[in-house]
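*Asks:* Read top to bottom, the protein sequences are chains D and Z.
Mapping of the first sequence onto my numbering: residues 1 to 200, in sequence order.
Mapping of the second sequence onto my numbering: residues 1 to 177, in sequence order.
Calculated directly from the structure, the hints in this document are not laboratory data.
A couple of the hints might just be wrong.
Anything over 10 Å on all C-beta distances counts as not near chain Z; from chain D, calculated [unchecked claim]:
#: 1; residue: Met-1
#: 2; residue: Gln-39
#: 3; residue: Lys-46
#: 4; residue: Thr-142
#: 5; residue: Glu-151
#: 6; residue: Glu-175
#: 7; residue: Arg-192
#: 8; residue: Val-196
#: 9; residue: Gly-197
Listed next, the stretches of chain Z that the computed footprint assigns to chain D, with coverage defined by at least 3 CB atoms under 8 Å from CB atoms of chain D [as the list claims (entries may be wrong)]:
#: 10; segment: 11–20
#: 11; segment: 25–31
#: 12; segment: 42–56
#: 13; segment: 61–67
#: 14; segment: 86–98
#: 15; segment: 101–108
None of these values were measured; they are calculated from a predicted model.
Cβ atoms here follow ideal geometry from the backbone N, Cα and C, with glycine treated the same way.
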Amino acid sequence: MRSFIVTILVSLSGLAVGGASALFMSGLWPGAPREGQSQIDVEGWKADFAIGTVQTDPWSRTRIARHGLLALSQSEAVYFARTTDDAGARLTEACRYRVSGEDQDALWWSVTLYDGQSRLPMNTDKALSFDRTRARPGARWTLLVQPEAPEEGEWISSRSAGLFDLTLRLYRPSEAVLRQPEAFVRPPRIERLDCVGATP
Amino acid sequence: MIRTAIFMALFALSLGVGHGLVLWRAPSVFMTQAMERIAEQGVGLHAFVLAPRATPQSQSIVRPAPDLAYSVCRFDLSKGHVLARGAVSDGYGSLAVFDGNTNNVVTLSLMASDNGPRAVELALSGSSLASSDDVVFIKLSSPRGLVLIRRLAPDEGTRQAVEAISELDECKLLSAP
Chain D
1 MRSFIVTILV
11 SLSGLAVGGA
21 SALFMSGLWP
31 GAPREGQSQI
41 DVEGWKADFA
51 IGTVQTDPWS
61 RTRIARHGLL
71 ALSQSEAVYF
81 ARTTDDAGAR
91 LTEACRYRVS
101 GEDQDALWWS
111 VTLYDGQSRL
121 PMNTDKALSF
131 DRTRARPGAR
141 WTLLVQPEAP
151 EEGEWISSRS
161 AGLFDLTLRL
171 YRPSEAVLRQ
181 PEAFVRPPRI
191 ERLDCVGATP
Chain Z
1 MIRTAIFMAL
11 FALSLGVGHG
21 LVLWRAPSVF
31 MTQAMERIAE
41 QGVGLHAFVL
51 APRATPQSQS
61 IVRPAPDLAY
71 SVCRFDLSKG
81 HVLARGAVSD
91 GYGSLAVFDG
101 NTNNVVTLSL
111 MASDNGPRAV
121 ELALSGSSLA
131 SSDDVVFIKL
141 SSPRGLVLIR
151 RLAPDEGTRQ
161 AVEAISELDE
171 CKLLSAP
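Working from the sequences, and respecting the hints, build out all of it.
*Replies:* Okay, structure coming up:
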């Protein structure tokens with residue numbers, strides 16, 4: 001009887017540890033890194049070009065199913081996310097940022113803010129993103145990311161976002177972007193302006 | 001000593017099984033949850049529905065793009081073959097099929113500047129499909145999934161144009177399996 005109970009306990013423990021390790025390696029365990037094995041890093045903007053494909057490894061597939069469900073495969077769109085500013089500090093609602101960039105080698109691009117749960121932040125500011133149709137052709141663009149509307153200029157609202165990330169979407173990226181993203185993606189800069197209260 | 005070795009082997013085996021089970025089931029569980037949320041918002045089977053503009057209050061999937069208009073069709077291939085066709089327009093548009101395991105099985109362009117098929121016929125593996133130049137035929141191993149049309153609609157003007165174009169999208173059950 002004792003052996004039977006020990007057998008059950010050992011089996012259940014193994015199942016639990018195995019399940020937890022799968023969640024951790026997929027970035028779904030609280031505090032676990034969300035980076036996949038096919039990670040591309042362009043000055044802090046990170047992407048996984050295997051998204052949406054059958055070839056995706058099972059850990060990436062699980063992570064993407066939770067944080068990027070219904071994402072398109074790389075020939076149609078690539079997604080870069082950034083969680084830190086240019087100095088390496090975590091992006092947070094408690095701070096204001098100046099984000100600047102230039103046109104991308106793609107049919108269309110956008111920058112969107114998502115909260116820690118990969119959702120649009122729960123505010124009513126109607127300032128969730130910035131896209132190519134609002135940028136002057138061929139010119140650099142600048143916007144503010146902050147919880148209150150600025151007096152003038154483009155902005156993305158971080159109100160109710162807590163710790164957040166910015167996602168850069170490139171739809172119909174060029175062959176050059178897909179082949180050598182480090183050389184052909186033009187990563188937007190994220191400069192922290194000031195903060196209120198304690199920051200992470 | 002032997003008993004300890006047996007229990008260690010049993011723990012390692014259970015660990016592998018637990019790890020594999022989570023990786024095998026998690027994507028389809030997340031996909032099923034998403035399809036259920038979409039169904040709760042009034043998207044029936046085999047018909048495209050244009051989703052309201054993505055806002056913090058309306059989002060039913062993670063990371064929606066607020067600059068895009070989404071038309072979605074839920075399908076169930078256990079009921080027969082399904083045809084999905086997207087209307088063509090000048091701006092960015094695509095029709096993408098996602099199977100029950102989250103794979104982006106195929107993506108078609110709906111842009112007037114591109115050539116190529118604008119429709120996809122879906123069937124379960126083992127079904128027979130005739131070939132055609134203007135329809136892409138896809139066999140899936142799982143019966144349920146989503147067809148998602150994305151169109152660029154960053155402002156109210158383009159959104160209204162997309163609403164008119166999306167009326168021409170088609171998603172329908174073709175035949176019994």
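*Asks:* Could you run down the list of hints and mark each one as holding or not?
*Replies:* Hints versus structure:
The claim that Met-1 (chain D) is not at the interface with chain Z holds, since no C-beta of that chain comes within 10 Å of its own (minimum 15 Å). With a least CB separation of 18 Å from chain Z, Gln-39 (chain D) remains clear of the 10 Å interface cut-off, as annotated. The Cβ of Lys-46 (chain D) lies farther than 10 Å from every Cβ of chain Z, with a closest approach of about 14 Å, so its non-interface assignment holds. In this structure Thr-142 (chain D) is separated from chain Z by more than 10 Å, as the shortest Cβ-Cβ distance comes to about 18 Å.
Its beta-carbon lying about 22 Å from the closest one in chain Z, Glu-151 (chain D) satisfies the requirement of being farther than 10 Å from that chain. Non-interface call for Glu-175 (chain D) relative to chain Z: holds, since the shortest CB-CB distance, roughly 16 Å, exceeds 10 Å. The Cβ of Arg-192 (chain D) lies farther than 10 Å from every Cβ of chain Z, with a closest approach of about 24 Å, so its non-interface assignment holds. Non-interface status of Val-196 (chain D) relative to chain Z is upheld: no Cβ of that chain comes within 10 Å, the nearest being about 22 Å off.
The Cβ of Gly-197 (chain D) lies farther than 10 Å from every Cβ of chain Z, with a closest approach of about 23 Å, so its non-interface assignment holds. With a threshold of 8 Å between beta carbons, the proposed coverage of the segment 11–20 of chain Z by chain D holds, since 10 of its residues qualify and at least three are required. Residue count for the segment 25–31 of chain Z with a Cβ under 8 Å from a Cβ of chain D: 4. That meets the three needed, and the coverage hint holds. Residues of the segment 42–56 of chain Z lying with their CB closer than 8 Å to a CB of chain D number 3, which satisfies the three-residue condition for coverage.
By the rule of at least three residues with a Cβ nearer than 8 Å to a Cβ of chain D, the coverage given for the segment 61–67 of chain Z holds, with 7 such residues. Evaluation of the coverage hint for the segment 86–98 of chain Z: fulfilled, as 4 residues show C-beta separations to chain D shorter than 8 Å, against a requirement of three. Counting residues of the segment 101–108 of chain Z whose C-beta lies closer than 8 Å to any C-beta of chain D gives 5; at least three are required, and the coverage claim holds.
Of the numbered hints stated above, none is contradicted by the structure.
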